[in-house]
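Following the hints, position chain B against chain A.
Number of protein chains: 2
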Amino acid sequence: MDVEIMTIGDELLYGQVVDTNSAFMGQQLGRLGLRVRQITSVSDRADELTAALDQARARVRVILMTGGLGPTKDDLTKHVLARYLGRALELHAPTLAHVEEIFRRFNRPMLDVNRQQALVPSGCQVLHNAVGTAPGMWLEDGETVFISLPGVPFEMKKLLTDEVLPRLQTKFNLAPIEHVVVMTAGLGESFLAEKIQDWEAALPANIKLAYLPSLGSVRLRLTGTTDGQPSGYDHDLRPRMLALLPALRERIGSYIFAEEDVPLEVVLGRLLLEKNYYLGTAESCTGGAVAQRLTSVPGCSAYFRGSIVAYDNDLKTSLLGVQADTLAAHGAVSEATVREMAEGARARLGCEVALATSGIAGPGGGTPDKPVGTTCLAVSTPAGTVSKIFTVDRGRATNIEYTTQVVLQLLWQQLMGR
Amino acid sequence: MDVEIMTIGDELLYGQVVDTNSAFMGQQLGRLGLRVRQITSVSDRADELTAALDQARARVRVILMTGGLGPTKDDLTKHVLARYLGRALELHAPTLAHVEEIFRRFNRPMLDVNRQQALVPSGCQVLHNAVGTAPGMWLEDGETVFISLPGVPFEMKKLLTDEVLPRLQTKFNLAPIEHVVVMTAGLGESFLAEKIQDWEAALPANIKLAYLPSLGSVRLRLTGTTDGQPSGYDHDLRPRMLALLPALRERIGSYIFAEEDVPLEVVLGRLLLEKNYYLGTAESCTGGAVAQRLTSVPGCSAYFRGSIVAYDNDLKTSLLGVQADTLAAHGAVSEATVREMAEGARARLGCEVALATSGIAGPGGGTPDKPVGTTCLAVSTPAGTVSKIFTVDRGRATNIEYTTQVVLQLLWQQLMGR
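Note that the protein sequences, when read in sequence, are chains A and B.
Residue numbers for the first sequence follow numbering that gives the first Met the number 0, so the first one is 0 and each next one is one higher.
Residue numbers for the second sequence follow numbering that gives the first Met the number 0, so the first one is 0 and each next one is one higher.
No lab work stands behind these hints, which were simulated from the structure alone.
Watch out, some of these pointers could steer you wrong.
Claimed, not checked - Result set (DMTMM-like, lysine to aspartate or glutamate): computed pairs, CA atoms no more than 25 Å apart in a straight line: (1) B:Lys-207 / A:Glu-10; (2) B:Lys-170 / B:Glu-154; (3) A:Lys-157 / A:Glu-100; (4) B:Lys-207 / A:Asp-46; (5) B:Lys-156 / A:Glu-10; (6) A:Lys-207 / B:Glu-47; (7) A:Lys-194 / B:Asp-111.
As the list claims (entries may be wrong) - Not close to chain B: a few residues of chain A, all C-beta gaps over 12 Å, as computed: (8) Leu-88; (9) Val-125; (10) Ala-129; (11) Pro-165; (12) Leu-173; (13) Ala-174; (14) Pro-175; (15) Ala-204; (16) Ile-251; (17) Gly-252; (18) Glu-334; (19) Glu-342; (20) Arg-417.
Glycine included, every Cβ here is placed at the ideal spot set by N, Cα and C.
Okay, chain A solo, but in the shape it has when bound (with noise of 0.2 Å):
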């Protein structure tokens, strides 16, 4: 089953707005199954609208449509719909309520503009859109179904995970895909691929691999179909997948952090929990990075301590204790200063555990011994001290975003003693 995902506004052509619902909307659909066979983003202009929907509609049975429902005039996706159906416009009392409510409580004069928000095209399924006024609508013409819903982010979201995908699944008796996510770190796409060629060869036809790289990262993801199975749904399928995961640890074990979609970040916290441990950063280059990931799970507060983030020299030694001797003979960016910054912020900060980052993220401060790029990773723990040397220049934020994720990979290894 085919669908189209076509978002609306002239700001994503213009490029003022980066166009991150459709990557969403696309994950999403996968997972039910569903091809997207083409995105397509247009602007606010009605025949360039309609011109788009009449052949998406040669394309797809489904057309999932977000943006142009707010209350100015530049949105224009509900009047366009209506008039491309030969439907009327109708206002729909539970919805109007909802939108009064909302004003009510935030205590503004409604204007009639916000009264139109209630109107929808005749024969429309109501969406409920409990975190916003514009209403998400499905209609049904003929073959093919439209849908549309706001392209504010968080109101898309809820709105196609609690409205959306259920209805094509009942509406398509879709037959359910499992997915088990493995996360890995520390090598390369094509590394990873030679390493499990045989097992991804010996891969049953209903199940497929998908590689998901990121940065010093990537995600395995195996999706199972009951393809060939109509009879319904095969409650074998995710245990026979299960089954497959031993022979990928043999292959890639210690490359692999989790076996579900996680983040480094969440992992650590409960490696750290479990071992009831303390942690804190002491960053030069990544300038409180490091620091920003961790802190970015809820609850972090029960094992992240703090940081120091000593971007001057000076600071490294009167915060963090590293000697000026080690600074003189060594320099800032050097094996023999990261460890100290990660001893002196075990001490001064009071963890258990605590990592160290110092590098020349450029694009200026390079030097023919230590090129931009240089950087020096220290992870410090009961068990002892480790660090880090590598050079790897792809711009300042690249390279600031690839140390907070090396780093965090070299501190996930000592906790897991590999």
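Below, chain B without anything else, positioned relative to chain A:
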């Protein structure tokens, strides 16, 4: 003149990758006065790509493609394009020499698939890709220009800027447009619009205003065109645009932090250098996010000393010198505490200026008195210490990002004496 952006690759449709290329291309084309009529993302299947090309050709005169130029068998763009336009693939000797040189430099064996990167459709203008192995291509067929660029963002950006935009400008003899950007912070889009209503209404017809909002900040962009003056470039356009600014300053001057397109952290860096002040941060709820944003600026070590992320309350005392009494009497999330944090950071980090954050980022940790989203900020300078408290909850990640923005705004106000 209308352009269609076409991004090619299954990974876009599955949502494995967010299409950031389109927004960049849309911005750049817009600056040239070209209008992006549609953005189309299609799969790696030859028939679907061909159908999309056919439809795009009926809509626009320029089709700008990215993706599908790699060496693997998924990468079909070049082959489909050659077949679609009835051209043979020919070896382009300078590209082959360039690819060979890259393989020599990395000391990697060169395979036949790599050699094939030097094949291009006959009659094509090759756009030299200095930073990768896949060349860009410019093909004209009848009235239509087909441009194909690699999908790797930094390769695409370089080719677009260096090769494509100048060719478009020449080919279509585009009247240059002028942009004047004014950066504001601290006032929402609708409030800004209200304050400058009369000024906006009085803009000449050839100068348009766009509001480009982001969290806590609004970019105002004036776009001036020489429409109606076909005699060529209007040398007075930019001066006439700049002459509009004094009246804008009268209305919203206290919210304008720059009259060029630069982020707040860059403006802060310039101000600190000018005043010869060092800066440090004391962070609780932002967990290092403020330091990270400040250190995203190349050369920041000239004015940024470091940061103490005191997530744990004990560290607020031991590292920042917050009085135990203050914490006991007012709690960690209080104006009294953040003031002491900022003042402590000035002393401990050895800086003239410091800022501090403490709040409940959520989702847990709220109380009836201090619900999730309660946030306290302080900025301490030689002129004294100021603080503020507010409550907004839009989820943990947004709460942290917004707090970071607001504390940098407060710092800017203090440095400007506003």
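Hint by hint, here is what the structure shows:
A C-alpha spacing of about 15 Å is found between Lys-207 (chain B) and Glu-10 (chain A), which places the hinted pair at or below 25 Å, so the restraint holds. Proposed proximity of Lys-170 (chain B) and Glu-154 (chain B) is supported: the alpha carbons are some 23 Å apart, at most 25 Å. Restraint check for Lys-157 (chain A) and Glu-100 (chain A): satisfied, since their Cα atoms lie roughly 19 Å apart, inside the 25 Å limit. For the suggested pair Lys-207 (chain B) and Asp-46 (chain A), the alpha carbons sit about 23 Å apart, so the restraint of at most 25 Å is met.
A C-alpha spacing of about 20 Å is found between Lys-156 (chain B) and Glu-10 (chain A), which places the hinted pair at or below 25 Å, so the restraint holds. Distance restraint check for Lys-207 (chain A) and Glu-47 (chain B): the Cα-Cα separation of roughly 23 Å lies within the 25 Å cut-off, and the hinted pair is therefore satisfied. Taking the CA atoms of Lys-194 (chain A) and Asp-111 (chain B), the gap is about 23 Å. The hint holds against a cut of 25 Å. Under the 12 Å C-beta cut-off, the non-interface status given to Leu-88 (chain A) relative to chain B holds; the minimum distance is some 26 Å.
With a least CB separation of 26 Å from chain B, Val-125 (chain A) remains clear of the 12 Å interface cut-off, as annotated. With a minimum CB-CB distance of about 15 Å to chain B, Ala-129 (chain A) clears the 12 Å threshold, and the non-interface call stands. Interface exclusion of Pro-165 (chain A) from chain B stands, the closest Cβ pair being 19 Å apart, more than 12 Å. Distance check on Leu-173 (chain A): its Cβ is at least 17 Å (rounded) from any Cβ of chain B, clearing the 12 Å threshold; non-interface status holds.
With a cut of 12 Å on Cβ distances, Ala-174 (chain A) stays outside the contact zone with chain B, its closest approach being about 18 Å. No Cβ of chain B comes within 12 Å of the Cβ of Pro-175 (chain A); the nearest lies about 18 Å off, and the non-interface call holds. Distance to chain B confirms Ala-204 (chain A) as a non-interface residue, since its nearest Cβ pair spans about 19 Å, more than 12 Å. Every CB of chain B lies more than 12 Å from the CB of Ile-251 (chain A), the least distance being 20 Å, so the non-interface label holds.
Its beta-carbon lying about 24 Å from the closest one in chain B, Gly-252 (chain A) satisfies the requirement of being farther than 12 Å from that chain. Every C-beta of chain B lies more than 12 Å from that of Glu-334 (chain A), the closest at about 21 Å, which supports listing it as non-interface. A cut-off of 12 Å between C-beta atoms confirms that Glu-342 (chain A) is not in contact with chain B; the least separation is 17 Å. Listed as a non-interface residue, Arg-417 (chain A) keeps its Cβ farther than 12 Å from every Cβ of chain B; the least gap is roughly 27 Å.
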